[in-house]
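Starting from the structure of chain A, add chain B where the hints point.
First to last, the sequence lines map onto chains A and B.
Positions 0 to 289 (numbering that gives the first Met the number 0) are the ones given, in order, by the first sequence.
Positions 0 to 307 (numbering that gives the first Met the number 0) are the ones given, in order, by the second sequence.
Please keep in mind that the hints were generated in silico from the structure rather than gathered at the bench.
Being a predicted model, the structure only gives us computed values, none of them experimental.
Check before you lean on any hint, since a few could be wrong.
Label pairs and their computed distance ranges (CB to CB) [unchecked claim]: (1) L133(B) / N72(A): 30 to 40 Å; (2) L133(B) / S140(A): 28 to 38 Å; (3) F273(A) / D49(B): 38 to 48 Å.
In silico contact screen, one side only, chain A against chain B (beta carbon under 7 Å); selected entries [as the list claims (entries may be wrong)]: (4) T45; (5) P171; (6) V179; (7) R182; (8) E238; (9) R275.
Some chain B residues well away from chain A (every beta-carbon gap over 10 Å; in silico) [to be verified]: (10) V46; (11) P107; (12) D129; (13) A166; (14) N178; (15) G200; (16) L248; (17) E269.
Beta carbons: idealized from backbone N, C-alpha and C, even for Gly.
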Amino acid sequence: MIDLLARLFDFTGTGAALRLPFVQTALLAAAVLGLIAGLLAPLIVTRGMAFAVHGTSELGFAGGAAALVAGVNVGLGAVAGALVAAVVFGFLGLRQRERDSVIGVVLAFGLGVGVLLLAVYPGRSQNKFGLLTGSIVSVDSTNLWLLVGCAVVVVGTLAVYYRPLLFASADPEVAAARGVPVRMLSIVFAVLIGLSVALAVPAVGAILVLAVMVTPGAAAARVSASPLVVTVLAVLFAEVSLIGGVLLSLGPGVPISGYVATLIFLCYVGCRLFARLRRPTPRESGILSG
Amino acid sequence: MTALDASPRPEKPRPEQPHPGQRQVEHPSGVAAVELRGARMGLGERVLWDGLDLRVAAGEFIAVLGPNGSGKTTLLKVLLGQRELTGGTVRIGGRAPGGAGTGVGYIPQQQAMDIDVPLRARDLVGLGLDGHRLGLGFGARRAFGTRFGTRFGAPAGGRSRRATVDAALAAVGATEYANSPVGRLSGGEQQRLRVAQALVGDPSVLLCDEPLLSLDLANQRVVSELIDARRTEAATAVLFVTHEINPVLPLVDRVLYLVNGQFRVGTPDEVMTSEVLSELYRTRVDVLRLRDRLVVVGAEDGGWEHHA
Chain A
0 MIDLLARLFD
10 FTGTGAALRL
20 PFVQTALLAA
30 AVLGLIAGLL
40 APLIVTRGMA
50 FAVHGTSELG
60 FAGGAAALVA
70 GVNVGLGAVA
80 GALVAAVVFG
90 FLGLRQRERD
100 SVIGVVLAFG
110 LGVGVLLLAV
120 YPGRSQNKFG
130 LLTGSIVSVD
140 STNLWLLVGC
150 AVVVVGTLAV
160 YYRPLLFASA
170 DPEVAAARGV
180 PVRMLSIVFA
190 VLIGLSVALA
200 VPAVGAILVL
210 AVMVTPGAAA
220 ARVSASPLVV
230 TVLAVLFAEV
240 SLIGGVLLSL
250 GPGVPISGYV
260 ATLIFLCYVG
270 CRLFARLRRP
280 TPRESGILSG
Chain B
0 MTALDASPRP
10 EKPRPEQPHP
20 GQRQVEHPSG
30 VAAVELRGAR
40 MGLGERVLWD
50 GLDLRVAAGE
60 FIAVLGPNGS
70 GKTTLLKVLL
80 GQRELTGGTV
90 RIGGRAPGGA
100 GTGVGYIPQQ
110 QAMDIDVPLR
120 ARDLVGLGLD
130 GHRLGLGFGA
140 RRAFGTRFGT
150 RFGAPAGGRS
160 RRATVDAALA
170 AVGATEYANS
180 PVGRLSGGEQ
190 QRLRVAQALV
200 GDPSVLLCDE
210 PLLSLDLANQ
220 RVVSELIDAR
230 RTEAATAVLF
240 VTHEINPVLP
250 LVDRVLYLVN
260 GQFRVGTPDE
270 VMTSEVLSEL
280 YRTRVDVLRL
290 RDRLVVVGAE
300 DGGWEHHA
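Just chain A, same shape as in the assembly (with noise of 0.2 Å):
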């Protein structure tokens, strides 16, 4: 137990490892991830699209392992799976419960074929677990210039529709009484998601794009209700947790992803806690005066 937790928890080659170029592209890429997540996961939770998330990585990764089978670049096909799915969940709009049902039979559909894909996968396991769990480490200059690419449409495209967006997310009926394009809008921000999910695959697996991609924002929106207030606290926790995350996988050599769901989970827990200290009972129903 001693043992586990001492290798876990090793600090002694993080030093040498911070000096080496591979180690510090890893960190950018943590950086500009968790600066597209924190971005969108308060979004993310506003409409109610968390498990659409999962189910645009699972497509995700099976368009990874489908890019693993045929030779071509794994990240190409992530980017190409989860698109597809991301496109389709936005087309289903804001309706929760058809749209669950949708979403968990496609997400069934993408992981199962993904296993069966990289089950007949002749090559290194490497590349298979990566899929799943990710290896920043594994991330190159090339990835990295996608990422900051994603990074600058997400924020480019959120300069120009944030207000709109929310609205659109948060209000959608009246939302459309206003003139908002409210599914175009759905559409655009289903695309958002789908290159931000496919960049994040490689990085932190199918597995854990929950975690960068919601638990932020789901955070957030437990201390404060001001959109500005939750958008900064959702990035300020993304980027805590990934880089975190890399800072304590260095010396161990072991997937971020456990510190990473590790590190976000606590934050979520903490604003729990924070918000349960701050409202002791919970404003459930109004005064009415008049």
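Just chain B, lined up with the frame of chain A:
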């Protein structure tokens, strides 16, 4: 005057003869707030309504009544520009419907908001002001940037966005919970915010889709009084879709009653009679006046019970 008082009210001002001191509406006189001419809405084989002529003056309160499936909500969708008529024309303030530029406010029926939605009461109201505009919305100091023009709803004197939203919140008595998460507010509080959200954009037409549904009596009165205050103060025309006319009966100028492709327009006294409703429903319907309430007997199949 209370909302439940059924005594005849003084004649309301019409835009053709504006009251002295009353805010002048944006449209030149002669342009109706809402105008439908020969409007037809077909759904496949069915025709929801046909030959519908309706001219709504500024400051007028129209109750849209009828059983489920008679096309009340579809009519609102036409006025919002979300549905196309299959015949005839529709004009809002002389312009084609659709988009925020037509100065239309919309109040939906109360529905539970997710408790997790990261949105405060003031954010919900603020989105009603400029949520349709591009940009971040975080740093907006002015209610309306110069980039997108100030064609409608620009607050007088260029008040800051925050002051405009604060004023809208105060007008519905929501200042106390302005910073509370919307998901934690009661149904009545949320509907007040809906009124503020619709009015903050300074609409000349207010479309309401069952805004009193699932509210208790006290909140029904608060919400309908807020809507009534708006149309008397700012001459906003109100189209009010409802199953139940009684909570708004004292406010209603005219009724549009839709039943199975038939319709009738007129004052409540003209339309809410046994003869007219019997003709519309093609069966015997009795309308009784019980103190200040109307009781309709015989149109129960979807007509008058609440669907919460």
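Evaluation of the provided hints:
1. L133(B) / N72(A): 30 to 40 Å: Given range 30 to 40 Å: holds, Cβ gap about 35 Å.
2. L133(B) / S140(A): 28 to 38 Å: At roughly 34 Å between Cβ atoms, S140(A) and L133(B) fall inside 28 to 38 Å, so the hint holds.
3. F273(A) / D49(B): 38 to 48 Å: 60 Å, violated
4. T45: 6 Å, holds
5. P171: 10 Å, violated
6. V179: 5 Å, holds
7. R182: 11 Å, violated
8. E238: Interface hint status for E238(A): violated (19 Å vs cutoff 7 Å).
9. R275: R275(A) check fails; min Cβ-Cβ to chain B is 14 Å, beyond 7 Å.
10. V46: 25 Å, holds
11. P107: 5 Å, violated
12. D129: About 7 Å separates D129(B) from the closest Cβ of chain A, which leaves it inside 10 Å; violated.
13. A166: 18 Å, holds
14. N178: 8 Å, violated
15. G200: 8 Å, violated
16. L248: 20 Å, holds
17. E269: Since the minimum Cβ distance to chain A is about 30 Å, E269(B) lies beyond 10 Å and the statement holds.
The structure does not agree with the numbered hints 3, 5, 7, 8, 9, 11, 12, 14, 15 stated previously, though it agrees with the rest.
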